[in-house]
Structures are given as structure tokens and as C-alpha cells.
Amino acid sequence: MTNYAMTHDLKKCMGCGACLIACKIENNVTEGIKWLNYETKTTGKFPNVSYEVQLNQCNHCDNAPCTRVCPTRAMHKRRDTGLTLHNPKRCVGCRACMVACPYDAISFNRYEPHAMFKDDQALVPGGTSSGRELTSRMEGAPPIPTYNPALNQNYLGIRKKGLVEKCTFCSHRLARGQQPRCVEACPAGARLLGDLDDPVDPIHELIARYPSKVRMPEQGTKPKVIYLRNYGY
Amino acid sequence: MIKTTRRNVLKASALAAGAAAIGNSLPTLKALALDTYPNDTQEGGRWVSTSCQGCTTWCSAQIYVLNGRGIRVRGNPNAKTGVGNLCPRGQLVLQQVYDPDRVKTPMKRTNPRKGRNEDPRFVPISWDEAADMIADQLIELRQNKESHKLWVMRGRYSHMHHLLYDHFPKIIGSPNNISHSSICAEAEKVGAYFTERNWGYRDYDLLNTRYLLAWGCDPVSSNRLVPFSIHALGRIQEKGKIACVDPRLSTTGAKADDWLPVIPGEDGALALAMAHVILTEGLWYKPFVGDFTDGENHFVAGRPVDENTFEEKETYGLVKWWNLEVKDRTPEWAEQVCGVAREQIYKVARDMAEAAPRVCVWNGPTMWPNGSYASLAIQALSGLVGAPDSFGGHTGGSPGGPKHGPNSMADFQDDLAKEGTKHEKIDQRGRLEWPNLARGRSGSGVNTNRVADAVLAEDPYDIKVALIYFANLNFSCTGTDRWDRAMAKIPFSAHITTHYGEMSHFSDLVLPVAQHMMERWAYTSQKTRMYTHISIQQPVHERIFDVKNDETEITWMIAEKLADKGFPNLLNYYKTYKDPETGAAPTSGEEFAIFALKSYTKNIWDPTGEKQGDTLNGWQDFVEKGVWNSIKYPYKQRWGGKFGGETGKFEFYSETLKAGLQGHADRHGVSVDRVMEACRYSARGEKAFIPHYDQPRREGDPRQFPLMLIDAKSRFNREGRSQNCSWYYEFKGLDPGDLDQEDVIKINPVDAQRLNLRDGSQVRVTSASGQPITCMLKVWEGVRPGVAQKYFGQGHWAMGRHAAKEFLKTPRGGNNNTLMHADWDHLSGSTARNGGFCRVRIEMI
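Top line first, the protein sequences correspond to chains A and B. To convert, note that position 229 of the first sequence is 229 in the numbering used here; the numbers rise steadily by one, no gaps. To convert, note that position 619 of the second sequence is 852 in the numbering used here; the numbers rise steadily by one, no gaps.
No lab work stands behind these hints, which were simulated from the structure alone. Hints may contain errors.
[What the hints assert, rightly or not] Taking lysine-lysine and the DSSO-like style, the derived pairs with C-alpha atoms no more than 30 Å apart in a straight line are: (1) A:Lys45 x B:Lys865; (2) B:Lys519 x B:Lys580; (3) A:Lys118 x B:Lys341; (4) A:Lys118 x B:Lys920.
Can you build the whole structure from these sequences, using the hints too?
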């Protein structure tokens, strides 16, 4: 069995956002929704001020409340990987999962996703382009310019209005033996996905080496995004 | 915290080595073989090599192209300058290129009246018509013997810029090739040039440094070496320390062991006090600086020292500098001036000196009136700790690369062109009040932001035709209202741009350009991580719109039209760029682009070309790998009197600056003191040649304008070009203190209470002689009291649907350059942006 977990080294993280943008591209995430999100915190008084950035995402909890409240089992745990995944074919958009998730890691498609690429609005008529024209000129007329078809293999290329969506740890990439895109795109090398069930996985060394914490351990969710060290001085 | 024991240090370094490898090649996971996952391992796309010019790091990069579209971006793994990854700017490029608001066709103005509130009534035209219009203008200038009234403006550029920026105007007959450099960084270069003769950026040996002093910059967000800094900063702290000088808390400041929130523009006082501590406590790095001949330290506060008692090694003028300036610049004095506590000055100076010579003094922009001397003072610190060319310090030049560059254009300049280029340049450089001492030569540096005033005053003459590429001066220069008036005044201007910029609004022609990273053939060169690279740019897939390469294809079309109209010189020059492999001359703009690139870079990709570094196996190998790497920069390359300059040494007393200023004074038949006076520096006598405290100039009565405005560069700024990306606004809150989807000006809670301003309000910000802007107020502890901080880049009223609140009508947020008046650091010609030179008032709307 495989039991995926991710480490995020806050000391190495510079809060630059490369992972956040790469995640949006990789997973065809529409404007207004973030699978990978962040919070900032400023404490103290000038000049003794500290500032930190913490990334948030689905924690792929071992004890995932979203799966327990889902009436259709759209939110489910994979026993073979430990991933918490969402099956949009079963999802009815009731949003019970969003209420249950203490991490605010699930998003609801309130609007038609990527609507900008379906309209014909040109700011300078005849001179500038429009969303529809842009995509229609591209090879294969993709639904969005950076459309990644791999999402269709085990999720849904672009999620639909009225349904929820969330981070999959890039399960489409895990299928190819690749790290999640946020890990790959991080210029600091702050992130790593590993298998907790594999005793020689490098993730164990990181967790053993550094002080680590998870978000809201008191919730009993057994989250699997593990934060190492501290962001600020 | 882990206790620092030797055992832990060793463990940490072993891990750091492993982690460094992770940065470049991630461990491969066992592929899942599950029923729900298709068993394919190949996506069918490929990584195409190119270069990112979202800032001046100029990373070698790659785009993953699948089905004719780019869907991922990464650092080029073949580049030794990189870490295999890019900063967020690199990721943003896909939205910049695939933007529905891009200009898709040449457009011409049909409303002859020009102004902010005039609708230009642009209509689409063909490239042929556009090139014809430009050629007609150029021919007319030449017929009237007014070829000098052509102005070619370059913003960002490739290394093939000569083809448009330099040789194009010279062959037509104009001296006016104007670059954007002095709205970018020239004051910063003063520090490095007049101490160690490097008119350019430094490369920092971050992986080996033990002390990083980030001065007025946030290397993980801006300036240079951004992805490398993101990679290195956390690792530096595993073995060393970081200090950050900045009136606002940046990411580096938040990470630093010491944050020194200096009063804006008073950095010179702080740097001099650190020098004072290092000297009086005998902490300078003796293998670089030398020592007193008797081995005793005679640097005592307030007391002059006999120059003959000190024997310098790699430096020059230390005791002169001490006697003229440093002896009186105590931390006790500086504390009152710069607002940093004396204890912190002592601590940082001592910590830094203890790490010598493995110290990186990262000198930020210092772009404020009189900023040159602060820049010199900061750079001088690096000399005291022996950092230049040291292991863990910084480097100057490049380790020596192959020759690459343009063909000679001398044979193609006719007499008329030679006459035309003799006219004074439009930016007034070299006049008494404009020494612009780039590389120490009078009038050799550009005066970008002065062009608006020169155009308006027709001094030295009126500009009739302007060609502007990769620049948007009506947005990016301070005093934007002057630019609106200047561009409205120019009879014919063409704006070569990806988007409808503020400058387009005043243009007669708008020409859609191929985006540099994904749509054109060109190359760039830069140094990072102790290597220099030469990195290709190429179209990563078929162009979506009918766009053309500024420096090659557009120029070719104009050259063809000029030849049709009886002036073949430009075309004949371009035809000298033959394909080095076949000997064929170009017959089209597309061929010209590729042949010129192959010709410029022949020594790089030709295995027989002379070079120190990689050997590439021919042109195709260069296209695929995308990059050539130099050998590693050798440490101590410039030691032993090889710094160049007047003395060959690292100069604390700058004979090089003295020669430059004297040259300028001689040109005008005046004294150096008169030059100092005309340029509004306080220094007289020998102080003009040393790092000294020169009081910063601020505009605005403090009673009416109680806050000093400082700006900073957003980590998402692909210069001013990424604000139409939705991701820019979705993640804007990652600029410390900022908020997603907003443009905020930030002040300390103390000031908010004093001025009765409420967090989250919409506010109007006013300065003494700039134009007011509106944005949101953020009350934040990370700003020094008395200071208002706002990132630049927002406040577009043109560009597109995300950048502007209402296209051509209402800006989204406010542009700092509208608020800031035009002022300069005259020694360098730098436009002032930093140092709190502009005081502001904030009022709730």
C-alpha cells in the first residue's frame, strides 16, 4: 500500500507563489478558485514585527471529515494511496464537505468556470482579441489556452458550475511517477511528496530532522500535509 | 529550535546537500498502477528552450508544449546559472501570452487629436501599410535633413538590440537611441563602478556566503538572481546570518536575523556608521584591505590618521576616506539621522565583519536624489570585509566568454546619416547639470526620463518621429503627466507592444510584437551563480496572432520599404547577416531573424568557436539545449591590481570618480565644485570623490504631506507587463502586507491613529507636484512610522480588462509614477523613485 504525505519546509519557503500559480495551470483551475491557497500573519509591534506565510490545501486526512458527510460518496478515500479524492460524477454540489472541512480546502464553482474564454468581448474592436477568438485560433481549439488534458484521465478536465473541487496531490502525475506540480515548480525546494508506508522514502528523513507540525491537530483529522520549521526568524 | 551542536551542523549540511539535489531533480515516485489510471507514462509534449525576461535575471527557461500550446514553465535544466526552477514571474508568462486583450493586428490612429481623453479611433491595417507609413516618415526626415529628429526608444531588449536600437537610427542618421536604463538601476551601478569598476550588476556567491546584507532590496522578489535567491536564502541561514535594510518589512526582512528599518534615503549614514564600527574595532578584512604597519589599530573616532602608517593591499584610499568622512560617522551620530538604533548598527557591523570575506553586501537600487553617494557607501562596506571576488562574496565581471555580437554598420552610414548623428542627443546628457557618468565618462549615461521635458521644450530640438519598443513610458516614468503631453506633441509615433499600453493611446501606429519568451528568435546573456550563460529565445509554437519580432522582422519590413523608396542602406546592412551554415543572405524578415541570431551567436554554437565553457555541437544543439554555459568565475580574478579604474584597486577614495567628474568639469570649463552645485549635491572639495553622507532631497512640506512615499517591486511584476494576468491579482497578497485583488498603500498603525485614517478605506493620495491617485489603505505594522509604502506596477488605465478598472477610463488602483514628480540623481542620470523623495498626504474618500 501507498500512503502519500507532503512536507512543506517553511524555512525554505519564500512565499513566492510559484507553486500556487503552477497549481492553477496544471489543474485547469478557474479564476476565483485555489486548490493551493495561503494565509499570511503579521504579529508584534514595529520594529519587532514578524511576518509569515503558510500554504493551505487539502490535507488528504487519514480521518477525512469531508468523506464522512458526503451523501453520495463523491468525496472518498483511496485505500491504495491514502488520497482523498472527489468524484464529480457522483457530486451533487451540496457542499456538506465544505462545511465539514476545517481547512477550508474545498471550493465551490459558483459561476461558469473560465467564462472569459467563452466571450467575444474585444476592448478595441478589430484591434484586440477576445477569449473565444484566442482559443479558437489555437491548435485543437482548447477550452482554455493552457488546458491540460491529463486532468480528464482521472478527474474532470474542467469542473462544472454547481460542483465542488479540490487538490488531488496531482494524482494524474502520481500515475506517471511524477511529483505534484507544486513540488516540481518550487524554486526553493521546500516541498516534497513521499510515501509514509515506504521506510526508505526521503520524506522520513525530513520529518525526523526538523521540528514539524500539522494544521489543527485537535480536529483529529490526521492531516498529511506536514509543515517543517518556521517561516519567519 | 534545534540546538546548534557540531553534530547537528554536520547533519544539517548533509541534508542541505541532499536537498540541493532535490531542487534540480526530484525523486521519482513509484508510478501507481491502478485500474482508474490509464497506464500511460508519456504525455506526448516536449520542453522547448527559451529565456525569460520578466526581470533582469534573464533566466534560461523551458516551456512544455503539448498539442501546440505551452502548458508548463520551468528553469532550463541545462543552465548552470539556474536552479531548474523559476520564480512566479516565469509562471505568469502563459497568461501574458495567451491574453485575450493582446493587440492582434497593426492599428493606425484615425483621430489626429491626441490626449488622455481623446479616443484615438484605431483601425486595423496591414503590416505592409504600417511599414510603408514609417518608411515615408523616415524618408521625409532625411529629405528635409532632419534625420536627427528620429527617436528610437528601447525598453527591455534582446542581445540583438543593435539591429533596431543602435544601428537603425545611426544608418538613418539620428543620434537618438535612448534606453530605459536610468529609470531602472543606474544609481546602483555607481556604487560598484567607482569602487571596483563594474558598471553592471554583481553576482553573489550565495551558496557559500556566511552573511547576506540585503540593502534596500528583497532578492527573493526583485532586483536580480531571483530564483537562485529563493533557492539559497533558507540555506544561508543554516550556516550563516542575514540582515536586511529596508523601511518596510520584505520577505528577506521577515526571514532576517536583523531587520534595519532605516529612514528612507538615510542609508548613507547607516552604511558609514557600519564602516566606522568596522574600522574603529579593527574588524576589516586584512588580507584584502591591509593593515597599519605597526600592527596597532589607530582608527579612533574623531581622530585623523597619518596615511603613511597604513599599508593597503587590494584597496586604495582607506585612510583618506577615514580622514575626510568616516572618522566622524559614529553609530551615535547615525542613529539620530537614519533611525536605526546604535546597538543594531554595532551588532550588524560586527556580525558581518566576523563572517569576512564570505559576505554578500547586496546593494539595492538607491534611486533617489543624491543616491549615488549612498550607493558608494554601501558598496564600500563590501570592500572593508574583502567580499569582492572572494569565496562567498560577490563577483564583478564575467569569466570571459566567446565573442558574440553584431556586424559592423560603418559602411552603410551615408554622409547625411553621419551628419545627423553628430547632433546632441535628445535627453540632454552631458550638459553641466547632467554628468550621467556611466563608466566614468561625462555624458555617456542615458537620461531616460528627461526626454519628456526635452520634447516639450524642443530643447535641443523637436522630435518628429518616434519608434518605441518594449517600453511604456507614459506608465513607467515618474511624472506621467509630462509624458502624456510629450507624446501628444510628437507628430508621428509608433508603439511596438504586445498590449495596448498607456503609451499606445498617444501613438499613431500600434504594432503587435512577438512576445519575447514564447514567440521570437533572439538571445540573452546574463550571469548568476558564478556562471555566465548565453540563452536562446525561440518561438515555442506557431504564433496565434499576426505578430512580428521587433528587432528583426519589423525592422526588415521598414528596411524593405526604405529600399523601395530609394534608400537601400538599411536593407543592405541587414543582408550582411548571412546564414553562417549556408552563406545565404536573408530574403525575408523571418530569415533575417534566424540568420542574424545564428550570425551573432556563431562562436557559441560552432564547436570550433573560441570560448571558455561548454562546447555545443552545432546550431541545432544550441536550439535544443537552449543555453551555453561559461566556465565558473574564478575567485580573486581581480585581485592583484586588476580591478581596473584609475588605480587598479578597490577604491575607497575614488580616483576613477575624480577623473570622471574632472572630465565633466573640464568639458564645461568649470570646477568640480561648480558641477556639484549644479547637480544639487552638498559635497564640495574632495568629498565629491568619496562615499560620504549627502543629505537626501525631499519634496513637500512635512506639515501638509506627512508621509514619505517609498515604492517597491512586486514579486509578480514582469516589469509593468503582468498586471493584466488574473493570477497577478489573485495572489497579490503574497507581496508582504498586500491584499489579493487590491492595490494598497500601507502605513503604520501609529500614523493611522495620528492621521485618523481607517484600515480598508478607499483613499486619495496627493503629493506636492505629482498628480493624485486613489487606492485602498492598509494599516500594517511592517512599515516604518512616517512612511507610506506602495508597490509599483498597478494603476493601469489601459492594457486590458484585469489591469484597468474600466479600459481607457478608470485605472485599477493608482500608479506610483503618477504620484511621484520627476527628480533625478544627476551623477548617474537616475530617475528618483526610492528614498522617500516624494512626500504624500493620504485622505479617506
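How the hints compare with the structure:
For the hint linking Lys45 of chain A to Lys865 of chain B, the alpha-carbon distance of about 45 Å lies beyond 30 Å, and the restraint is violated. With a C-alpha separation of about 20 Å, the suggested pairing of Lys519 of chain B with Lys580 of chain B holds against the 30 Å cut-off. With a C-alpha separation of about 28 Å, the suggested pair Lys118 of chain A and Lys341 of chain B falls inside the 30 Å cut-off, and the hint holds. Annotation: proposed proximity of Lys118 of chain A to Lys920 of chain B is violated, straight-line Cα distance about 65 Å (limit 30 Å).
Checked against the numbered hints above, the structure violates hints 1, 4; every other hint is satisfied.
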